[in-house]
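Visitor: Spelled out, the chains give:
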Amino acid sequence: MLAYIARRLLQAVIVVVGVTLVVFLLIHLLPGGPARAALGPRATKAAIANFNVANGYNRAVPVQYGLYVWHLVHGNLGYSYHYNQSVLSLLEANLPKSALLVGLAFVLSLVVGVPLGLYQAIRRNKFADHAITTFAFAGYAMPNFWAGMLLILAFAISLHVLPAEAPQASSVASILADPRALVLPVVTLALVSFAQFSRFMRSSAIENLVQDYIRTARAKGISNTRVVFRHLLPNSVTPIITLIGLTLPIILSGAIVIEALFNYPGMGYLLWEAALRQDYPLLMGFTIVVGVATVMGSLLADLLYAAVDPRVRYD
Amino acid sequence: MTDRTQVPGVPVVGGGMATLLGTPVVATVVAGPTGAEGGEVTSSGSMVRLFLSVFAENRLALVGAATIVAIVLFCFLGPVLYHTDQVHTNLLTANLPPGGAHPLGTDNVGYDVLGRLMVGGQVALEVGLGAALLSSLLGAAWGAVAGFFGRWIDSVMMRVVDSVYAIPPLLLMLLMVTIFSPTTLMFIIVVAVVSWLPTARLVRGESLSVRTREYIEAARGAGVTSTKVIVRHIIPNVMGTIVVQTTLQVANAILLLAGVSFLGLGTPPPSTSWGAMLNNGLNFIYDGYWWLIYPAGVAIVLTVLAFNFVGDALRDALDVRLQRH
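These protein sequence lines are chains L and W, in that order. Residue numbers for the first sequence, in my numbering: 1 to 315. Residue numbers for the second sequence, in my numbering: 1 to 325.
Hints listed in this document are in silico derivations from the structure and should not be mistaken for laboratory results. Some clues are possibly wrong.
To be verified - Derived CB-CB ranges, DEER-like:
no. : chain 1 : residue 1 : chain 2 : residue 2 : range
1   : W       : 302       : L       : 212       : 20 to 30 angstroms
2   : W       : 298       : L       : 215       : 30 to 40 angstroms
3   : L       : 21        : W       : 99        : 53 to 63 angstroms
4   : L       : 29        : W       : 108       : 14 to 24 angstroms
5   : W       : 286       : L       : 92        : 31 to 41 angstroms
6   : L       : 33        : W       : 133       : 44 to 54 angstroms
7   : L       : 172       : W       : 283       : 48 to 58 angstroms
8   : W       : 108       : L       : 82        : 42 to 52 angstroms
9   : W       : 217       : L       : 296       : 38 to 48 angstroms
10  : W       : 156       : L       : 246       : 56 to 66 angstroms
11  : W       : 56        : L       : 138       : 19 to 29 angstroms
12  : L       : 273       : W       : 156       : 55 to 65 angstroms
13  : W       : 217       : L       : 39        : 54 to 64 angstroms
Glycine is no exception: its CB is placed at the ideal position from the N, C-alpha and C atoms.
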């Protein structure tokens, strides 16, 4: 296990370095470089030269990268010129709110997707299976913002039961104080990953259903319920752990659109604003943080999976 | 039997593919005159026919293929038959409900929604197809090279894939869209850059297993260069995966473009796309202008579903081949 952890940890470190390289590369792809990004399109040549000297952008590229990483590990993610705040402080203010949204959506899609997938596997090729498959396919094919618009039309405008806008509050506690307003954003975001979990669970359970241990369990005369919940469920649900790691980038992408649609005051909304206003330092800083978070997420998922299923360690 | 008869553009399929859905095709292949040793199909003509017949067995795939044809005709031939002005605004005809001269109504600046659906679809299809092809090309080349050489080259190349994979696709797109000017070609490149990773991983996995086969060893033993082995032997053998991935990537690319356009960062006006139409429709969601919200959404869903159906059917057809080994 220790060897596996070490190997996986090393891999994660390399990927984190890779993420910083990708973002660093993008900074240099900017027309005019980072100075143009900071000072805007009308900056004079002299101002750009001054900026480059002051920030070390006149040095050799490897040195620049070294400086960039040096700043990053010291918590200096850059400075948002639009908000006139450090990216780190913006992050501290908004990340918890997005984590709440993403976390709730994750839990909801797991709680709905896993049992549905299991049920489908048991009732394979019956009507219920086909119905849920159709629904999951629709979930795949539907742009999440459109699904959100339809939900707003139905529940906020026609039925007047839920607000169309997310809670407009500045802290996690005050957002939680308005749970009704959270329903539509969370449900819409959960739709993104629900289909993946249910489809994955279905095929995983179907694969397990034909295994010998299930047949043995049935042959021993164990009740159907017990076979499903004690044998089938634990064995087919474990691979989902890795899927959670893989779904993270997708659900975070979804969060950007959903926060924009529901006016949810989180990191996704801020990112959207940053993109519209070409606030590069903010965009780049957030990209690094999200990238590192994703790497950590899949690392955790893999380690958890290895702890649950010993076979993985010897790959 | 160290080599396979290869038909350009058609995935390498053994006779086992025909067992899809347990159709009677199986018998004809296994026992038929074309079924050589191990069910290998040696006659190219029968292989194409076999492939088509298996594909045709899957009704969803046919529906999907027909839908794709219909949508392509609608978007590219439609404007020729149904003339609308999608450049000049006309406030006198703004916000008209469906009916009369405007079967799907007009939007807030007087554009005919039906005509706009066609124009918007052109961008979606161009970016979808272009990005899918480009991403497959990139992913296949990357994966094949990594899988073929293995060792440290594989490690380095796959860590690059992991690094880009860690950044959520939409976030990476937002970054690039703000850096480069938003044109159709740029969107094709940007979408391809964020979506070549799954293809690279799949192709790498397959080429890792393909490269250990005897005929590859034989080719290398005969002094064939690495480039030639990859292009002539590895790529044709993973062609099935590539074709499936390309089809599914079209759907994926259309959704990504819709997302970015919905955020107001798509191709600039007067050009439009289905996502941008929905972004505009959102402004009138309280006014009951349903024709600004349903048609564009339905168009996206239909297109994406159609490509998914075809892609899934292709994968089913090829999966059986994989199980055989």
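Visitor: A separate judgement is required for each hint: does it hold in the structure or not?
Guide: Hints, verified against the model:
1. 302/W with 212/L: 20 to 30 angstroms: About 44 angstroms separates the Cβ atoms of residue 302/W and residue 212/L, which means 20 to 30 angstroms is violated.
2. 298/W with 215/L: 30 to 40 angstroms: 46 angstroms, violated
3. 21/L with 99/W: 53 to 63 angstroms: Given about 57 angstroms between the Cβ atoms, the range holds.
4. 29/L with 108/W: 14 to 24 angstroms: Cβ of residue 29/L to Cβ of residue 108/W: about 36 angstroms, so the range 14 to 24 angstroms is violated.
5. 286/W with 92/L: 31 to 41 angstroms: Holds - the Cβ-Cβ distance for residue 286/W and residue 92/L, about 35 angstroms, lies within 31 to 41 angstroms.
6. 33/L with 133/W: 44 to 54 angstroms: Since residue 33/L and residue 133/W have Cβ atoms about 32 angstroms apart, the given range 44 to 54 angstroms is violated.
7. 172/L with 283/W: 48 to 58 angstroms: The hinted range 48 to 58 angstroms is violated for residue 172/L and residue 283/W, with Cβ atoms some 30 angstroms apart.
8. 108/W with 82/L: 42 to 52 angstroms: Since the Cβ atoms of residue 108/W and residue 82/L sit about 29 angstroms apart, the hinted range of 42 to 52 angstroms is violated.
9. 217/W with 296/L: 38 to 48 angstroms: Check passed, 41 angstroms falls within 38 to 48 angstroms.
10. 156/W with 246/L: 56 to 66 angstroms: Distance hint for residue 156/W, residue 246/L is violated at roughly 22 angstroms.
11. 56/W with 138/L: 19 to 29 angstroms: 25 angstroms, holds
12. 273/L with 156/W: 55 to 65 angstroms: 37 angstroms, violated
13. 217/W with 39/L: 54 to 64 angstroms: 59 angstroms, holds
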